[in-house]
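Number of protein chains: 2
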Amino acid sequence: MVCREEAVVRLPSHNAKFCAHHFDQFFLRQVDKAIRKFKMLSEGAKVVVAVSGGKDSLAVADALSRLGFEVVGFHIDLGIAQDEFSRLSLEASRQFFAKIDRPLAVYSVLEKFGKPITEVVQGFKRPCAVCGLTKRHIMNEFASRQDAQAIATGHHLDDLTGALLANVLRWDVRYLQKTLPVLPAKDGFAKKIKPLALVAEEEVRTYVRLRGIQYVSLACPFSKDARFKRLRALLDQLESESPGTKRSFYETFLRVAHVFSAQENGRQMVLCRSCGLPAASDPCAFCRLWGKTLEREPQ
Amino acid sequence: MVCREEAVVRLPSHNAKFCAHHFDQFFLRQVDKAIRKFKMLSEGAKVVVAVSGGKDSLAVADALSRLGFEVVGFHIDLGIAQDEFSRLSLEASRQFFAKIDRPLAVYSVLEKFGKPITEVVQGFKRPCAVCGLTKRHIMNEFASRQDAQAIATGHHLDDLTGALLANVLRWDVRYLQKTLPVLPAKDGFAKKIKPLALVAEEEVRTYVRLRGIQYVSLACPFSKDARFKRLRALLDQLESESPGTKRSFYETFLRVAHVFSAQENGRQMVLCRSCGLPAASDPCAFCRLWGKTLEREPQ
Numbered sequence: 141m142v143c144r145e146e147a148v149v150r151l152p153s154h155n156a157k158f159c160a161h162h163f164d165q166f167f168l169r170q171v172d173k174a175i176r177k178f179k180m181l182s183e184g185a186k187v188v189v190a191v192s193g194g195k196d197s198l199a200v201a202d203a204l205s206r207l208g209f210e211v212v213g214f215h216i217d218l219g220i221a222q223d224e225f226s227r228l229s230l231e232a233s234r235q236f237f238a239k240i241d242r243p244l245a246v247y248s249v250l251e252k253f254g255k256p257i258t259e260v261v262q263g264f265k266r267p268c269a270v271c272g273l274t275k276r277h278i279m280n281e282f283a284s285r286q287d288a289q290a291i292a293t294g295h296h297l298d299d300l301t302g303a304l305l306a307n308v309l310r311w312d313v314r315y316l317q318k319t320l321p322v323l324p325a326k327d328g329f330a331k332k333i334k335p336l337a338l339v340a341e342e343e344v345r346t347y348v349r350l351r352g353i354q355y356v357s358l359a360c361p362f363s364k365d366a367r368f369k370r371l372r373a374l375l376d377q378l379e380s381e382s383p384g385t386k387r388s389f390y391e392t393f394l395r396v397a398h399v400f401s402a403q404e405n406g407r408q409m410v411l412c413r414s415c416g417l418p419a420a421s422d423p424c425a426f427c428r429l430w431g432k433t434l435e436r437e438p439q
Numbered sequence: 141m142v143c144r145e146e147a148v149v150r151l152p153s154h155n156a157k158f159c160a161h162h163f164d165q166f167f168l169r170q171v172d173k174a175i176r177k178f179k180m181l182s183e184g185a186k187v188v189v190a191v192s193g194g195k196d197s198l199a200v201a202d203a204l205s206r207l208g209f210e211v212v213g214f215h216i217d218l219g220i221a222q223d224e225f226s227r228l229s230l231e232a233s234r235q236f237f238a239k240i241d242r243p244l245a246v247y248s249v250l251e252k253f254g255k256p257i258t259e260v261v262q263g264f265k266r267p268c269a270v271c272g273l274t275k276r277h278i279m280n281e282f283a284s285r286q287d288a289q290a291i292a293t294g295h296h297l298d299d300l301t302g303a304l305l306a307n308v309l310r311w312d313v314r315y316l317q318k319t320l321p322v323l324p325a326k327d328g329f330a331k332k333i334k335p336l337a338l339v340a341e342e343e344v345r346t347y348v349r350l351r352g353i354q355y356v357s358l359a360c361p362f363s364k365d366a367r368f369k370r371l372r373a374l375l376d377q378l379e380s381e382s383p384g385t386k387r388s389f390y391e392t393f394l395r396v397a398h399v400f401s402a403q404e405n406g407r408q409m410v411l412c413r414s415c416g417l418p419a420a421s422d423p424c425a426f427c428r429l430w431g432k433t434l435e436r437e438p439q
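Those protein sequences? They're chains A and B, same order as listed. This note's numbering applies: residue 141 is where the first sequence begins, and numbers increase by one. This note's numbering applies: residue 141 is where the second sequence begins, and numbers increase by one.
One chain only, chain A, in its complex shape (with noise of 0.2 Å):
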């Protein structure tokens, strides 16, 4: 049957156009696939949702919900007073849950540690890194406390297939493997999986447009990786080139990780006194970083 509504998106990518409805239900049905494919969650499952208050996190809750998934909302409110960008990311992530009638946790730096992220990562060559690392401890945490069956990121298409492109450059194995839609349950850390790992980021903006989903689109005035923008610029013009490259490159790659995992070497994992949680030291990169052996520690 041909859909008599004008057609409002093009996807070259997969030769199609659609209206906004029909898009609608084409966006879910890539979703639902990838959770399907790659085995993420089971029907109507428990899953916690990493939300930033950006486009992607946005969209994979609300997709998530929309498919009958049991959404639990977790933000971490970084402190950063630049821009007003955390103040503008929690409100985004507030409102939105509010809207879908779903609960969200928010976790807070500055009162947990009276400093905000900007503090810590000062001095550090890599800010994204050290953010990074405590962002995935602070989630690991919350996860370990709930009854969920993952940890859904916003992680798109173009997201992964940018950081493949980097990681290949220096074969850096373990990274290579940090790409695949799902990492499994290990060492007491929860499931992470990517739902949104086969679309792209256009249509990602396209969902959230269409939607009506309000969300934050400040990048972190601190990100500033100008060799991962030419990376990903890189990956536009192939992809513009010949449509459907980015989601070849993934795919493909999909096909033989598999030779990777054996490449891994099994790290000794402990646990850490100070927080707890499973570590490749005591205390761990989390504990040093936030100063939080000083509190315990004899004075």
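These are calculated hints, taken from the structure and not from any lab test. Any given hint could turn out to be false.
Where chains are identical, the list cannot tell them apart; a pair therefore holds if satisfied intra-copy or between any two copies.
[To be verified] Distance condition first, Cα-Cα at most 35 Å in a straight line; then the derived DSBU-like pairs of lysine-lysine:
1) Lys-369 / Lys-265
2) Lys-157 / Lys-265
3) Lys-318 / Lys-369
4) Lys-369 / Lys-331
5) Lys-255 / Lys-157
6) Lys-173 / Lys-157
7) Lys-331 / Lys-265
Start from chain A and add chain B according to the hints.
Structure of chain B alone, referenced to chain A:
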């Protein structure tokens, strides 16, 4: 000891600069290192060098000869009339081999088959692939009649990282493997080696200039893979921002490449009854392509 000559070559990727004499020594050392590290040739071994008349193949012939190997040149005259490409290529090859006083065998497809490569590739979407197949076949046939340890080609770091990036975009495991510095003898085919694997194109260009080697700088008039050029340009840009990127891309690949070898499907090889060489089919792709089978079939 500090060299008192004026530095004429700067190599940011090695964080070094050289006078002409020391660059020459450095270049030979790099080639020698690759030969030893990857076990390409034993001391003084006989080696067939695939010579196009371009800078890369003349550089590898020159370096191998100076390092004491018994160089036999092999040039394939493809009969490309445009820009006098094939005539000039043959001339440059002949002149160079006369100068180093080493034998050069020449195979003319025009003499052998009565038609140039241009006629054969017509109608093919990827003429370079057809030409590559043709050259590999003729080269293997020649090498099988020689008592040489290996066939050397002039592929340098820029060729290899460009190919690596192109093949990684589709995770083509078999082609990823072809960028290795040594392809062992297999199925009756000679071992293939790339003694320039660790030197950059710019270094090869400097080497032939300082050595006064006359080469054909024309690109083949039929090569125009815009995508491949774009990938190389991206690598150039990354290299100029972070000197050493290409080398690290290639060397880290070498460290993990073994995980792909188990992936290779053991393809069943047969003998082509037309040319007598091992092949995936009988008649082989080369004989089908050049219509050699017709000559032998009953009329």
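Hint numbers not upheld by this structure, sorted from lowest to highest: Hint check: 5 fails alone, others pass.
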